[in-house]
Amino acid sequence: MSSEKAVTLRVNGNEVNIITPAHRTLLEALRHEGFVEIKSGCEKGDCGACAVLLDGVPVDSCITLAWHAEGRDVTTIKGLGNSDSPDPLQKAFIETGGAQCGYCTPGMIIAAKALLNENPEPSLDDIKKALSGNLCRCTGYTKIFEAVQIAAEDLRKEGEAA
Amino acid sequence: MLPRFELSQPQTLPEALKALAGGVGQPLAGGTNLFPDLRGGREKGDTFISLSQVGELRYIEHTDNRVTLGSGATISDILRDPQMKIAAPALVAASDIFAGAMVRNAATIGGNVCCGSPSADSVPPLLTLGADVTLASASGERTLPLDEFYLDYKKTVMKPDELLASISWTPPTPGSAHLFYKLSRRKGDAITITGISVLVEAEGGKCKTVRIALGSVAPTIFRAHEAEGMLAGRVLTSELIEEAAQSAAGQCKPISDNRASAEYRLLTAHSLTRRLLRQAWKQAS
Ligand SMILES: Cc1cc2nc3c(=O)[nH]c(=O)nc-3n(C[C@H](O)[C@H](O)[C@H](O)COP(=O)(O)OP(=O)(O)OC[C@H]3O[C@@H](n4cnc5c(N)ncnc54)[C@H](O)[C@@H]3O)c2cc1C
Ligand code: FES
Ligand code: FES
Numbered sequence: 001m002s003s004e005k006a007v008t009l010r011v012n013g014n015e016v017n018i019i020t021p022a023h024r025t026l027l028e029a030l031r032h033e034g035f036v037e038i039k040s041g042c043e044k045g046d047c048g049a050c051a052v053l054l055d056g057v058p059v060d061s062c063i064t065l066a067w068h069a070e071g072r073d074v075t076t077i078k079g080l081g082n083s084d085s086p087d088p089l090q091k092a093f094i095e096t097g098g099a100q101c102g103y104c105t106p107g108m109i110i111a112a113k114a115l116l117n118e119n120p121e122p123s124l125d126d127i128k129k130a131l132s133g134n135l136c137r138c139t140g141y142t143k144i145f146e147a148v149q150i151a152a153e154d155l156r157k158e159g160e161a162a
Numbered sequence: 001m002l003p004r005f006e007l008s009q010p011q012t013l014p015e016a017l018k019a020l021a022g023g024v025g026q027p028l029a030g031g032t033n034l035f036p037d038l039r040g041g042r043e044k045g046d047t048f049i050s051l052s053q054v055g056e057l058r059y060i061e062h063t064d065n066r067v068t069l070g071s072g073a074t075i076s077d078i079l080r081d082p083q084m085k086i087a088a089p090a091l092v093a094a095s096d097i098f099a100g101a102m103v104r105n106a107a108t109i110g111g112n113v114c115c116g117s118p119s120a121d122s123v124p125p126l127l128t129l130g131a132d133v134t135l136a137s138a139s140g141e142r143t144l145p146l147d148e149f150y151l152d153y154k155k156t157v158m159k160p161d162e163l164l165a166s167i168s169w170t171p172p173t174p175g176s177a178h179l180f181y182k183l184s185r186r187k188g189d190a191i192t193i194t195g196i197s198v199l200v201e202a203e204g205g206k207c208k209t210v211r212i213a214l215g216s217v218a219p220t221i222f223r224a225h226e227a228e229g230m231l232a233g234r235v236l237t238s239e240l241i242e243e244a245a246q247s248a249a250g251q252c253k254p255i256s257d258n259r260a261s262a263e264y265r266l267l268t269a270h271s272l273t274r275r276l277l278r279q280a281w282k283q284a285s
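Protein chains in written order, with this note's numbering: chain A, 1 to 162; chain B, 1 to 285.
Here are the simulated DMTMM-like cross-link-like pairs (lysine to aspartate or glutamate), alpha carbons at most 20 Å apart as the crow flies: (1) B:187 <-> A:125; (2) A:5 <-> B:6; (3) B:187 <-> A:46; (4) A:44 <-> B:46; (5) B:187 <-> A:126; (6) A:129 <-> B:77.
Bear in mind the hints are in silico, worked out from the structure with no lab data behind them. Only a predicted model underlies this, so the values are computations on that prediction, with no experimental measurement involved.
Full structure from sequences and hints, please.
Laid out in structure tokens, this is it:
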């Protein structure tokens, strides 16, 4: 047992080394390293603003310890795409107005990405269930669900074309 | 920010049990209860023993006539297991509306059972399956019915040097009904106001086995043994079901909180037990 530990993980494919005490959350540790695209909302697992993919699985980084990410792969919204080459989800959120203030958007898109990876043809109910741990105070959700449906369709078309 | 604490990260079960035997340190599984509680000051503790790396605890096993869930299996693991729909239909129903996707990926069944919360959603379905819990310590193992595990609000029979290793049960016979109903403000990411599970096995037109468990309506989740006794071996008429539901409600000791009043909990415990018994009898008979 030791109070501080050096932890190596990968964020969006790049190795990151941090020295951190046991009680530091992955959210705090990564924001401190400059990954401020991960948003801090409730810090108790309610809102999903802090969601990242950990080895491909979406988790709330505010209730995940940095130590528990040792040797693992973290994907943030920036790992999915950027303005030059956006992920179909990012594109669809822009087109539908699925993002207003944008605070919930990184976590929302991470949770949606995990859904589409597992289920390329989700029903509206599947989408609602997959996003039930992500709160949005602006959009009323309708545009968000629409964006996920559009992205799912785009991804299917992409798949057919390939 | 979480309060400062020390954390050990055992890699194997013997290492974890040895750490627990030291007398300092509490198990940490998914942290979905512990971290919000530590942050909110509802939980104290400066030393934790992380079970996340103990691979021996994370499994689901189906053998001939027994299902065993390692305590480290997550709620998502339960949902992903194709056989669980038959082995524990109500547990799957409870897992399906448990928290949100991210919490389901971290939350373990062991943490849900051990937290001792009256609103732990996996517990009513496990109680109606007649599940056993196996506790392990450095000096050995013991297995007891889950029905004997809870002592009081957030109090269990577990000793400080023990951890929950696994939960096991015999799957319901084909044709029986195993149901769960969660009354809450919304479908996803909500804390249960009243949570009821019922199991009914019928044979020769009569109710052979019946188990009823009620959550969020007393300091602990409990089996309504008296009500079960009224129904076992009988044909479940509406009158009989009503009497049993009344008896179950009579055992409730609900509190009022920001989710619902005690009166509402009592009323819904009664009506939902009746509804689930009717539905289960119809399905099984
Ligand atoms: C946003 C949100 C929504 C939620 N929704 C629900 C819901 O819908 N239904 C519901 O029932 N719960 C819900 N919860 C509560 C929580 O997610 C569950 O109770 C979960 O199963 C706890 O498991 P864990 O692995 O995270 O436990 P932890 O938080 O790690 O531990 C909980 C307690 O159990 C003890 N413990 C854990 N594992 C063991 C073990 N193997 N042996 C001995 N002791 C052990 C710990 O010491 C601690 O006291 C929710 C939580 C959040 C944050
Ligand atoms: S900040 Fe993590 S869930 Fe709200
Ligand atoms: S867009 Fe503002 S919180 Fe969702």
